[in-house]
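Those protein sequences? They're chains F and R, same order as listed.
Using my numbering, you'd call the opening residue of the first sequence number 132 and step up by one each time.
Using my numbering, you'd call the opening residue of the second sequence number 132 and step up by one each time.
The hints are simulated quantities; they were obtained by calculation from the structure and are not laboratory data.
Remember, predicted model here, so these are calculated numbers, not experimental data.
There's no promise every hint is true.
Identical chains blur together in the list; that is why a pair holds if it fits in one copy or across any two.
Claimed, not checked - Keeping only pairs whose Cα atoms sit at most 27 Å apart, straight-line, the calculated DSS-like set for lysine-lysine is:
id	residue 1	residue 2
1	436	214
2	421	138
3	191	421
4	446	133
5	446	517
6	465	220
7	557	232
8	399	410
9	446	399
10	548	232
11	239	138
12	517	399
13	517	404
14	399	423
15	548	464
16	548	136
17	133	490
18	220	239
2 protein chains.
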Amino acid sequence: MKRTKVKDLLASTQPMSDVTAKGWVRTFRNNQFIALNDGSTIHNIQCVVDFENTPEETLKRITTGAAVSVVGDLVESQGAGQKFEIQVKTLEILGDSDAEKFPMQPKKHSLEFLRDNAHLRVRTNAFGAIMRVRSVLAAAVHQYFQEQGFVYVNTPIITGADAEGAGEMFQVSALDMNNPPRNEDGTINYKEDFFGHQTNLTVSGQLEGEAFAMALGQIYTFGPTFRAENSNTSRHLAEFWMIEPEVAFNDLHDNMDLAEDFIRYVIKYTVDKCQDDLKFLEGRLIDEEKSKPQDQRSEMNLLDKLNFVLENNFKRVSYTEAIDILRDSTPNKKKKFQYVINEWGADLQSEHERFLVEKHFKSPVIVYDYPANIKSFYMRLNEDGKTVGAMDILFPGIGEIVGGSQREERYDVLVEKMRKIGIDEKELWWYLDTRRFGTAVHSGFGLGFERLVLFVTGMTNIRDVIPFPRTPGNAEF
Amino acid sequence: MKRTKVKDLLASTQPMSDVTAKGWVRTFRNNQFIALNDGSTIHNIQCVVDFENTPEETLKRITTGAAVSVVGDLVESQGAGQKFEIQVKTLEILGDSDAEKFPMQPKKHSLEFLRDNAHLRVRTNAFGAIMRVRSVLAAAVHQYFQEQGFVYVNTPIITGADAEGAGEMFQVSALDMNNPPRNEDGTINYKEDFFGHQTNLTVSGQLEGEAFAMALGQIYTFGPTFRAENSNTSRHLAEFWMIEPEVAFNDLHDNMDLAEDFIRYVIKYTVDKCQDDLKFLEGRLIDEEKSKPQDQRSEMNLLDKLNFVLENNFKRVSYTEAIDILRDSTPNKKKKFQYVINEWGADLQSEHERFLVEKHFKSPVIVYDYPANIKSFYMRLNEDGKTVGAMDILFPGIGEIVGGSQREERYDVLVEKMRKIGIDEKELWWYLDTRRFGTAVHSGFGLGFERLVLFVTGMTNIRDVIPFPRTPGNAEF
Numbered sequence: 132m133k134r135t136k137v138k139d140l141l142a143s144t145q146p147m148s149d150v151t152a153k154g155w156v157r158t159f160r161n162n163q164f165i166a167l168n169d170g171s172t173i174h175n176i177q178c179v180v181d182f183e184n185t186p187e188e189t190l191k192r193i194t195t196g197a198a199v200s201v202v203g204d205l206v207e208s209q210g211a212g213q214k215f216e217i218q219v220k221t222l223e224i225l226g227d228s229d230a231e232k233f234p235m236q237p238k239k240h241s242l243e244f245l246r247d248n249a250h251l252r253v254r255t256n257a258f259g260a261i262m263r264v265r266s267v268l269a270a271a272v273h274q275y276f277q278e279q280g281f282v283y284v285n286t287p288i289i290t291g292a293d294a295e296g297a298g299e300m301f302q303v304s305a306l307d308m309n310n311p312p313r314n315e316d317g318t319i320n321y322k323e324d325f326f327g328h329q330t331n332l333t334v335s336g337q338l339e340g341e342a343f344a345m346a347l348g349q350i351y352t353f354g355p356t357f358r359a360e361n362s363n364t365s366r367h368l369a370e371f372w373m374i375e376p377e378v379a380f381n382d383l384h385d386n387m388d389l390a391e392d393f394i395r396y397v398i399k400y401t402v403d404k405c406q407d408d409l410k411f412l413e414g415r416l417i418d419e420e421k422s423k424p425q426d427q428r429s430e431m432n433l434l435d436k437l438n439f440v441l442e443n444n445f446k447r448v449s450y451t452e453a454i455d456i457l458r459d460s461t462p463n464k465k466k467k468f469q470y471v472i473n474e475w476g477a478d479l480q481s482e483h484e485r486f487l488v489e490k491h492f493k494s495p496v497i498v499y500d501y502p503a504n505i506k507s508f509y510m511r512l513n514e515d516g517k518t519v520g521a522m523d524i525l526f527p528g529i530g531e532i533v534g535g536s537q538r539e540e541r542y543d544v545l546v547e548k549m550r551k552i553g554i555d556e557k558e559l560w561w562y563l564d565t566r567r568f569g570t571a572v573h574s575g576f577g578l579g580f581e582r583l584v585l586f587v588t589g590m591t592n593i594r595d596v597i598p599f600p601r602t603p604g605n606a607e608f
Numbered sequence: 132m133k134r135t136k137v138k139d140l141l142a143s144t145q146p147m148s149d150v151t152a153k154g155w156v157r158t159f160r161n162n163q164f165i166a167l168n169d170g171s172t173i174h175n176i177q178c179v180v181d182f183e184n185t186p187e188e189t190l191k192r193i194t195t196g197a198a199v200s201v202v203g204d205l206v207e208s209q210g211a212g213q214k215f216e217i218q219v220k221t222l223e224i225l226g227d228s229d230a231e232k233f234p235m236q237p238k239k240h241s242l243e244f245l246r247d248n249a250h251l252r253v254r255t256n257a258f259g260a261i262m263r264v265r266s267v268l269a270a271a272v273h274q275y276f277q278e279q280g281f282v283y284v285n286t287p288i289i290t291g292a293d294a295e296g297a298g299e300m301f302q303v304s305a306l307d308m309n310n311p312p313r314n315e316d317g318t319i320n321y322k323e324d325f326f327g328h329q330t331n332l333t334v335s336g337q338l339e340g341e342a343f344a345m346a347l348g349q350i351y352t353f354g355p356t357f358r359a360e361n362s363n364t365s366r367h368l369a370e371f372w373m374i375e376p377e378v379a380f381n382d383l384h385d386n387m388d389l390a391e392d393f394i395r396y397v398i399k400y401t402v403d404k405c406q407d408d409l410k411f412l413e414g415r416l417i418d419e420e421k422s423k424p425q426d427q428r429s430e431m432n433l434l435d436k437l438n439f440v441l442e443n444n445f446k447r448v449s450y451t452e453a454i455d456i457l458r459d460s461t462p463n464k465k466k467k468f469q470y471v472i473n474e475w476g477a478d479l480q481s482e483h484e485r486f487l488v489e490k491h492f493k494s495p496v497i498v499y500d501y502p503a504n505i506k507s508f509y510m511r512l513n514e515d516g517k518t519v520g521a522m523d524i525l526f527p528g529i530g531e532i533v534g535g536s537q538r539e540e541r542y543d544v545l546v547e548k549m550r551k552i553g554i555d556e557k558e559l560w561w562y563l564d565t566r567r568f569g570t571a572v573h574s575g576f577g578l579g580f581e582r583l584v585l586f587v588t589g590m591t592n593i594r595d596v597i598p599f600p601r602t603p604g605n606a607e608f
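Use the sequences and the hints to build the structure in full.
Following this line, the structure appears as structure tokens:
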């Protein structure tokens, strides 16, 4: 008989006879009460086993982690905490789980231990919730852009180009590296490699995205990007998913409007659809913070924090204004910042971004019009000749969640900037073509998807919001 | 003033004054009529320039490919072929396009030429249409699975595992390959590499997807996968996007039902939303086939073919039945097949698949229960001991579009198969864990997204349905 999902059983409005449920045992109490979960919801359904008429041998196999199939009647529950339960008529053990060996015991495990068991951690309440929320957030991304008429573009993963003009990249090759073909000077002869030249994993789809925006008007990417930076932090992954919209005819302020509207939409969509999971994660966060001193705890609970973002505009402040605020701030005057802000032109460090967001504005902040020399070559030079039309969105607890800009659409200005920093025009001939033929004002941004998932789930380590994290020394699974 | 998209202007129900449109000039006729496109639709809007009051200098700059902004009144058109046009009041050239240098001339270009200009080909009608259709198909994929309660899972791109137990893979490394650290025996010391061991680009997210299905119940992936096979064909890419759903408690027949329902849903969704683009592509195909002999032309027009798939069940036939049909077929008896089918156990070649689909059944076909020794280790051994619960979906003109199976959920059977073909159990310890703890019947499949786009757009070369194709010798852009 077809199984009914636990989510649908729990949402039933009336009792039903002879339902089939299949899932995994979370707990088994009093030789009678199975808490059964099938991943469709964070909630378990209670299955009441007729233990007097069930062989002892079977009862022993109802252990945490075991897969079981039950057939029975869905009846109103006498117990607290659930409306319905299943009075089990027949029970079948589909797959055993040796209680002594199963790593996911019904107790609290450390996040580190769970990371080492990324294939099983998703069977816990917290990681089931995180992965469902992540999935709904991803759906919201597509929904938003599709509704607005954006075209989803899969920019290449293997590439010869390097959008940032720098950045440590992973190399991709099909050569036998222990015995590669060589040039006369002893270097590897990449002409013999699969693509006929050296290739890397993409760090951004922006440049290709720009080319497509210059034809389709509004596009977005949503795919994996890579950084071979040896950053062993709670905010960095070597492989992460990035969303990069690009819009023809949008200037920097249109770009900020789009980013803000987009973030608000996807959070609202997810809050609406994931109430149960988010409530669970909110409770988890409260528990976790109990061990922290009062002043290090979050000022708002998770759902309040998300609603705050929905209801309040992000503060917009130019880099120049931000520098003034920081220079006059108490931690700057008292030299509490590791990097004291003395003058215009300084790069903003994480401590400064946090001060602006968490102490000064107490709100997400958009900083725009940065000094040209601390930003990328493709950003549009402003009329002042010293700033570019860049914007970063900073979030509490997360830091930079969006980096975007109006792009330099003027061929001559772009070429001059490329020459200055030594980017070969021949390498980017096709990118320059977009400025040679029908160039126009355009803007876009990149949003690190995992940082958004961090914010929405209230988790604090980026390794806990992606199924199988890739970090220095770790590509298991 | 905010621009209005061409799509919205053309969909207007009434005249409007002072609208702004921005886009690229497709053609400029009689010094008066601009066909303007902004990528929002395949249709251009006609902008009528008041050439008597426009400087000659400006008129000269209205060339194919130039970006322009026009302000004017949207009025009913006197000309044929459009309901509305813009009577231009002011026109601004945003970006010039030197008519002699712009590669996308208003004429027919070869597909080969366009591939070499993948950054600009999207400015043609055909590639604009293909990319919009591709985007809507991708949206349909997410919509289908999300509606059904599947969880979207981003399985890792960089991996140590190899789902196929074979397959040529791209290697990923952050080492300086011209001067790598070496072991005493002279081989490269990958312990010094970024991840501490050798890594590759994934060929499939299936194994990780299975682990997640064993917790979340129903999952799907949709991400890039890679093959370093030197296949210079119209059906293969080195980098392509794959969709891989995996469902706990589904057997092989549930799996076929899911695949068929899914394919039909996404095609219907796209046919409904992309009428204009598909009609254009249908016309393109008819034009293209005019140069072919009658018997090589498609039997059905594009939209008829898509509707046929929507209205007819896929034929399901066991491998054993398929072999009987092929053995008794005229091309087999007359030895017209390159590989004559003599006995049960033969692998089906493309010519056999095409015969079944295009000649015998004249319908999409699902072949299931293949001989175990021509299929992968993870497929479930049937009771007969010689076939596995595999299924391939074959499409006219495309060949295999889906490959799936019920997975071997029995620990002992799986381990024995792995040993037989020499897969290290230690490598896949985590995969085996899914069979050690709460194993259950489960099934899934992989669908090559570009093959689906090929089918829906009527294109014949897979390089023409992905933005920037990666093939042997080609990773430009």
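Tested hints:
Neither within a single protomer nor between protomers do residue 436 and residue 214 lie at most 27 Å apart by alpha-carbon distance, with minima of 30 Å and 50 Å respectively. For the homomeric pair residue 421 and residue 138, neither the shortest alpha-carbon distance inside one copy (31 Å) nor that between copies (55 Å) is at most 27 Å. Within a single copy, residue 191 and residue 421 get their C-alpha atoms no closer than 37 Å, and across copies no closer than 72 Å, so neither meets the 27 Å cut-off. For the homomeric pair residue 446 and residue 133, the shortest alpha-carbon distance between copies (23 Å) is at most 27 Å, but the shortest distance inside one copy (52 Å) is not.
When the C-alpha separation of residue 446 and residue 517 is checked against a cutoff of 27 Å, the pair qualifies only within one copy, where the shortest distance is 23 Å, while the shortest distance between copies is 67 Å. Taking the shortest Cα distances, residue 465 and residue 220 never come within 27 Å of each other, neither inside one copy (71 Å) nor across copies (60 Å). With identical chains, the CA atoms of residue 557 and residue 232 are at most 27 Å apart between copies only, with a shortest distance of 17 Å across copies and 59 Å within one. Taking the closest pair of Cα atoms, residue 399 and residue 410 come within 27 Å of each other only inside a single copy of the chain (15 Å); across copies the shortest separation is 37 Å, beyond that limit.
In this assembly of identical chains, the alpha carbons of residue 446 and residue 399 lie at most 27 Å apart only when taken from the same copy (19 Å versus 44 Å across copies). Taking identical chains as interchangeable, the C-alpha atoms of residue 548 and residue 232 lie at most 27 Å apart only when they sit on different chains, with a minimum of 24 Å there against 60 Å within one chain. Only within a single protomer do residue 239 and residue 138 lie at most 27 Å apart by alpha-carbon distance; the minimum there is 24 Å, versus 55 Å between protomers. Within a single copy, residue 517 and residue 399 get their C-alpha atoms no closer than 38 Å, and across copies no closer than 52 Å, so neither meets the 27 Å cut-off.
Proximity of residue 517 and residue 404 under a CA criterion of 27 Å is satisfied in neither setting, with 45 Å inside one chain copy and 46 Å between copies. With identical chains, the CA atoms of residue 399 and residue 423 are never at most 27 Å apart, being 29 Å at best within one copy and 54 Å at best between copies. In this assembly of identical chains, residue 548 and residue 464 lie within 27 Å of each other by CA distance neither inside one copy nor across copies; the values are 36 Å within and 69 Å between. When the C-alpha separation of residue 548 and residue 136 is checked against a cutoff of 27 Å, the pair qualifies neither within a copy, at 58 Å, nor between copies, at 33 Å.
When the C-alpha separation of residue 133 and residue 490 is checked against a cutoff of 27 Å, the pair qualifies neither within a copy, at 55 Å, nor between copies, at 36 Å. In the homo-oligomer, the alpha carbons of residue 220 and residue 239 never lie at most 27 Å apart, since the shortest distance is 32 Å inside one protomer and 70 Å across protomers.
The earlier numbered hints that this structure contradicts are 1, 2, 3, 6, 12, 13, 14, 15, 16, 17, 18.
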